[in-house]
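Chains A and B, in that order, are what the protein sequence lines are.
First residue of the first sequence? That's 1241 in the working numbering, and the numbers climb one at a time after it.
First residue of the second sequence? That's 226 in the working numbering, and the numbers climb one at a time after it.
Simulated from the structure, these hints should not be mistaken for lab results.
Fair warning: there could be bad hints in the mix.
To be verified - Derived CB-CB ranges, DEER-like: (1) Phe1466(A) - Ala367(B): 26 to 32 Å; (2) Thr335(B) - Ala1561(A): 56 to 62 Å; (3) Ala367(B) - Gly1401(A): 56 to 62 Å.
Unchecked claim - Covered stretches of chain B (in silico footprint by chain A; criterion: 3 or more residues with CB under 8 Å from a CB of chain A, positions within the stretch not fixed): (4) 321-328; (5) 483-489; (6) 502-510; (7) 537-547; (8) 589-596.
As the list claims (entries may be wrong) - In silico negatives: residues of chain B with every beta carbon more than 12 Å from chain A: (9) Ala239; (10) Arg244; (11) Arg339; (12) Arg394; (13) Ala560.
Here a beta-carbon is modelled for each residue, glycine too, at the ideal position from N, C-alpha and C.
Chain residues, written in single-letter form:
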Amino acid sequence: MSEREILLGTAERIFAGIATSERLAEAERGIWHAEGWRVIEEAGLPLALVPEEQGGFGFSPVNALAVLRVAGAFALPFPLAETMIANRLLALAGLPLPDGILSIGTSSGRDALSIARNGGGWRVSGRLVRVPWGRSAGNVVTVAGDAILCSPVTASGVSEGVSLAGEPRDDVVVEGWLPADRVADAPVQGGAVRLAGAAVRTIAIAGAVQRMLELTIAYAGDRVQFGRTIGKFQAIQHYLASFAGQAAAATAAADLAAAALAGNLPALPIAIAKTRAGEAAGAAAALAHQIHGAIGLTYEHMLQHLSRRVWSWRDEFGSEAEWAALIGRQVCSAGADGLWPLAVGA
Amino acid sequence: MHQFEFPMPPVEPAEAALRREVRAFLAEKLAGRTPRERAQSWNGHDAAFSREVGQRGWIGMSWPKRYGGHERSALERYVVIEEMLAAGAPVAAHWTADRQSGPLLFKFGTEEQRQTFLPRIARGECFFCIGMSEPDSGSDLAAARTRAVPVDGGFRVTGTKLWTTYGHRAHYMILFCRTSEGKRHEGTSQLLVDLASPGIKISPVIEMSGAHHFNEVSFEDVFVPADRLIGREGEGWAQVMSELAFERSGPERFLSTLPLLVALVREVGAEWSPEAERAIGRLFAHLVVLRHLSHSVAGMLEAKQDPALQAALVKDLGAVFEQEIPEVARLLVAAEPSISARSEYAAALAVSMLAAPSFSLRGGTREILRGIIARGLGLR
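With the sequences and hints as input, model every part of the structure.
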């Protein structure tokens, strides 16, 4: 078996046991399953994106990122994507990797993180908004200017919030002094955390869209109305064909995002991937619900765990509107004659 | 189970050099080509240009050298054709033969047919058209009624083909017809027909834009020699299906209005609105993702896989994209579309707008493609 098959097989086996509908419902009620996280850690997944020299396993990053597509497909209620990329960003910056759950955060505007040298270390101050699983994370990785830093999360600094899918999205106040080995030059300029976050959300969307397609095909082959399964109706078949096109586009977007994340986080391909996957997410969720009918709207149904996630993921780390604007600026700056070469290079 | 993977094909070592070569050629040859001409995309027809493309070795690129080909990979061919389309080059004359008639002859043709036609196609001297649709047989290709009756030394053909793009400027047609009685798919064959044969009448069908691309081609007791049967008699259906895989898989299925997008970026200039920025950014995201999907299909063809289903998916998505470009463009720049406008942008918009409805009809309608995809999903 190839490395990719081993990783995907491991992920599927583990996630099937810890992302059941009961566990998803409990997670949404705020119950943290320490046992589930322990299984993920035992499999080494949080370090799957870390180079071997820095304590990882030497997996190809693209293969390791395929695990996150599976996580998306299972609506995995744990901060695996966040911990994986936090570890990767720290490793690339040459910083030590703290044990346990990590998250990633961004700040902006008035609350933007400020950082200044102080003694042998750094004084940092600011507020990170909508940090995934901020309440569960021991540390949060973020950027301030050209620096990347890893700050402990204190319970008193966390204001809890949730996403549309009930996943924790907490504001985290970062205030205090960090030793020198917690801060380094960011591995890439221009918002490494936001770029990495957008890339992993794109990959998760691809997994969830694919799973919604599979659930919907199965439902259409099962549900009987007017004396036949609804999948025999041409209208439904055409919906599903269009759905498959969106799934294909999301898959291609995830490939672009994974290649960018495996490299040095180029902004243009990540912006393209997030924009396209976000659009696919909306179209796919709408089709999935249309074909499922009322049953898909019920809390017991798996579909809504996925649809609510893709609806929140498409807005996290930049919506289509924000990323499309970045792309548009690059295209318009490249000008008419630069458009095609830019597309070939992206 | 229904996961369609679109793996990145391997990088061609020669790709970058080839791309530079094609761009330099196009920059020189198309220097005077206006945006409104470029907007014609692969409907632009220029026999002299096609001959030059042939001289450069860019027609029949992947065919064996003994048939006038150049033994380059399908991915190298992809580079050439996507650069041509992106530039709005007038490729129509050689397009059909390079894309599908030549590969069909290579796959099913006799040795004599290959030797006679492939080198001439590759030189850009011999143009083909497609003889599939008929007045009463559009998407339902198996309903074709054109008949070829076996006679001494060949066939006598009677019937009418319709929507024959550039039939009036092609030398040959690959004709799909009925050679014997049979249920739907049975009893059909493909014949290579010299359009100069007596009994053929080619009449123009003018499009709403005023352009003449389509024709009606009628056959009245036209003699076709037996050695112009392609493949096996009665195997027409299977052969034509394999031809459609070539017809559906290429970058022409999402790049037809790229010249308009280029003209739009030129028109918004250096001071673009936030609205234009977002709309252009979004279209560009679609473009890059479609290119990734389409390029992946080319890689599957090169690896001798059968990506008919993936090709249908890409063509379906691609047509939506091509049709969306004029709809987005018209709201970003205040310009009334007109073929005769002084503004190149307004004229390019008009050309694209009037061509757009055809994108989800030609080469398999949206409904046919979605049916194929649904079958691939296990629903039929």
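Cross-check of the supplied hints:
no.	hint	in the structure
1	Phe1466(A) - Ala367(B): 26 to 32 Å	holds (28 Å)
2	Thr335(B) - Ala1561(A): 56 to 62 Å	holds (58 Å)
3	Ala367(B) - Gly1401(A): 56 to 62 Å	holds (59 Å)
4	321-328	violated (count 0)
5	483-489	holds (count 4)
6	502-510	holds (count 8)
7	537-547	holds (count 4)
8	589-596	holds (count 4)
9	Ala239	holds (15 Å)
10	Arg244	violated (7 Å)
11	Arg339	holds (34 Å)
12	Arg394	holds (28 Å)
13	Ala560	holds (16 Å)
When the structure is compared with the earlier hints, violations turn up for hints 4, 10 and for no others.
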